[in-house]
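When you get a sec, could you build the whole thing from the sequences and use the hints?
Taken in order, these protein sequences are the chains called A and B. Residues in the first sequence are numbered from 1 upward in steps of one, following UniProt numbering. Residues in the second sequence are numbered from 1 upward in steps of one, following UniProt numbering.
Just so you know, not all the hints are guaranteed correct.
Straight-line C-alpha distance at most 20 angstroms; calculated DMTMM-like pairs for lysine to aspartate or glutamate [to be verified]:
1) A/Lys110 with B/Asp247
2) A/Lys234 with A/Glu215
3) B/Lys110 with A/Asp247
4) B/Lys110 with B/Glu24
5) B/Lys234 with B/Asp212
6) B/Lys226 with B/Asp79
Some chain A residues near chain B, calculated using beta-carbon distances under 8 angstroms [claimed, not checked]:
7) Trp42
8) Val99
9) Arg134
10) Lys156
11) Arg163
12) Arg333
13) Ala350
14) Leu351
Read the hints as simulated data drawn from the structure, not as lab findings. Glycine included, every Cβ here is placed at the ideal spot set by N, Cα and C.
There are 2 protein chains.
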Amino acid sequence: MSSAVAAPASHSVPAIRVPIALEERSYDILIGSTLLDDAASWQDLPRAAAALIVSNETVAPLYLERLRQRLASQYARVDSVILPDGEQHKDWDSLNRIVDHLLARAADRKTVLFALGGGVIGDMTGFAAAIYMRGVPFVQVPTTLLAQVDSSVGGKTAINHPRGKNMIGAFYQPARVIADMDTLDTLPPRELVAGLAEVIKYGPIADAAFLDWIETNLDALLARDKSALAHAVKRSCEIKAWVVGQDERETGLRAILNFGHTFGHAIETGLGYGEWLHGEAVGCGMVLASDLSVRLGLMPPEFLTRMRGLIQRAGLPVRAPRLGVERYLELMRVDKKNEGGEIRFVVIEALGRAGMRGAPDTLVAEVLNAHCD
Amino acid sequence: MSSAVAAPASHSVPAIRVPIALEERSYDILIGSTLLDDAASWQDLPRAAAALIVSNETVAPLYLERLRQRLASQYARVDSVILPDGEQHKDWDSLNRIVDHLLARAADRKTVLFALGGGVIGDMTGFAAAIYMRGVPFVQVPTTLLAQVDSSVGGKTAINHPRGKNMIGAFYQPARVIADMDTLDTLPPRELVAGLAEVIKYGPIADAAFLDWIETNLDALLARDKSALAHAVKRSCEIKAWVVGQDERETGLRAILNFGHTFGHAIETGLGYGEWLHGEAVGCGMVLASDLSVRLGLMPPEFLTRMRGLIQRAGLPVRAPRLGVERYLELMRVDKKNEGGEIRFVVIEALGRAGMRGAPDTLVAEVLNAHCD
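In structure tokens form, the structure reads like this:
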């Protein structure tokens, strides 16, 4: 496979290490290009007799063999489970396929799982690692921008339930995250754009200067400039690591990472998983959450204009699907952030600072009516 | 229900508190009689709008209403899920029933789960609490001797898989354990005896004097003397707490708690869950593991005679079912303690001290042939 390996020098970027400090659960995120073929990035992984690569039908033909060869020198047996692609398959059935495979091979509890794919593969593989024999190590090899900036950092693992997204899961940290920018070469444009939604998110919630940087570099990001992408991934991971480091189990601050997600999850669940991509729903959800921040008197109207403009320029939807206000409210009432029935939202209190607020149904209805098709 | 409540004063024993120190996951085990009706034992539980009691068809008619009334003063809503009784129902289906109930009621992530029943209910409820919205609090109210001395202490939660017992689970600590000796009044004799297997276990692995005490007090325990039972539960919990406190996630020492369990799990899985009770399988497994300790030259032959005598006097089986040596070996190869294919056993190295040893298949076969019907 070595002929397919080396990227032109002009496109390669030096590897960046972002350490995540969580005491005995600390780990490193490695960000760069040609990492899949860089032996140094794969040293000192947990030792075991066997490794299991979990991937999907889209990603496996592209990268499975390279990863398998990379691991063959370290693990006596390298197996793989290839799942169907898509959020609609992030369910008990897929989880069981991973677990059944491990049990059929009598995999012991040092077996290392490798998640090769996007956020869906990462979330499911992480959850399988969390519950197989009460916990085996796992490594994230995210191949989508969304997974690189968001779902491979922070230890949230989960599967969906017909009644709600990510309702079943665990907090479980990977042993390492290896984010190779070269894997973004094969990412469909729609998925690249969806990933940008989570990058954009980090600006308003935590870093006003990063919001400026994104606006300035949006065209480079859309053109897949690897240096711009690596910086966006690095800064996103740093911000997320800072937040997660203070609140690993989401008792408070960490909830700000869900800016746009309360509306976004309702859109995803309401349409049925897989209709809109997660990032698309979050992009649109940020428009609604920005408007809510304005209507609550926290931000000036210009903030909504700026956010909607950037989200639209990125190619993300800014109009929400017409599910009906009652259905939206019903969907948002099962959100994990709620307590005792009140719907709570992440809102922007100042550029670079977010908070949690409850909002009356009537105000939420105004927001929905203003942005629904 | 108050008429059914007060035990005769002569049978009541003062409440004992065994603190389990696990940093921010620390909790108390309360052991005594009339605890279900003692308001003090239920103070300062996690606050929430709703509580969910999980129980089974055998225990619910006996204690559900009393627990519901006890909780009604603290939680605005107290629901219940009643599962079928038995180890064969410790599976995905039962787990899903708990999760589905929570989601159908839009239970938020402060909702407190109460496990009212034996080890099966405790393990499943704890695992449901571990994975619902990535973790909600739960309280153990064990109503069997086995659950009181063993499965409600240590944070192991799990469900079974057709290929192996407790293969899917999590380490997750309860907020409190409330062990009311009065609930043992309704325990069938066979289950009381099964629970004694785990009590007996703590002698050879950790406390030679406790082994003497059990031999002296076995008749009182079998006659359900509450003072003797409370002491047995207390000492068992203390020993387990000491072991777990040093090794919460079973990387080393904690494995000694599995004395008799490698053979025992093979018996349970080989016969099909529910045929033998867990404690019966462990009792018989301890006879085999004692013999293995002797054959490995670690203990004198008198140790096997003593253990077999005590286990038999307790009313536990001392002859293993004839599954065939090859089937036993196959079943034991999927044990979680194994690494890289070798079968490892907890053995006794001296009275009150256990260790882990690998054993050649030929020696294991000798042990099996000596004790199989």
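Here is what the structure says about each hint:
1. For the proposed pair lysine 110 of chain A and aspartate 247 of chain B, the alpha carbon gap of about 17 angstroms is at most 20 angstroms, so the pair holds.
2. A C-alpha spacing of about 17 angstroms is found between lysine 234 of chain A and glutamate 215 of chain A, which places the hinted pair at or below 20 angstroms, so the restraint holds.
3. Taking the CA atoms of lysine 110 of chain B and aspartate 247 of chain A, the gap is near 17 angstroms; set against the 20 angstroms cutoff, the hint holds.
4. This hinted pair checks out: lysine 110 of chain B and glutamate 24 of chain B have alpha carbons roughly 17 angstroms apart, not beyond 20 angstroms.
5. The hinted pair formed by lysine 234 of chain B and aspartate 212 of chain B meets the criterion: a straight-line CA distance of about 16 angstroms does not exceed 20 angstroms.
6. The straight-line distance between the Cα atoms of lysine 226 of chain B and aspartate 79 of chain B is roughly 31 angstroms, outside the 20 angstroms bound, and the hint therefore fails.
7. For the restraint placing tryptophan 42 of chain A at the interface with chain B, the shortest Cβ-Cβ distance is roughly 21 angstroms, beyond the 8 angstroms limit, so the hint is violated.
8. The interface hint given for valine 99 of chain A holds, since its Cβ lies 6 angstroms from the closest Cβ of chain B, which is under the 8 angstroms cut-off.
9. Checking arginine 134 of chain A against chain B: minimum C-beta separation of about 5 angstroms stays under 8 angstroms; hint holds.
10. A distance limit of 8 angstroms between C-beta atoms decides the matter here; for lysine 156 of chain A the minimum to chain B is near 7 angstroms, and the interface restraint holds.
11. Residue-level restraint check for arginine 163 of chain A holds (minimum Cβ-Cβ distance to chain B is 4 angstroms; threshold 8 angstroms).
12. The interface hint given for arginine 333 of chain A holds, since its Cβ lies 6 angstroms from the closest Cβ of chain B, which is under the 8 angstroms cut-off.
13. The interface hint given for alanine 350 of chain A is violated, since its Cβ lies 28 angstroms from the closest Cβ of chain B, which is over the 8 angstroms cut-off.
14. Among the interface hints, the one on leucine 351 of chain A is violated; its C-beta lies about 30 angstroms from the nearest C-beta in chain B, farther than the 8 angstroms criterion.
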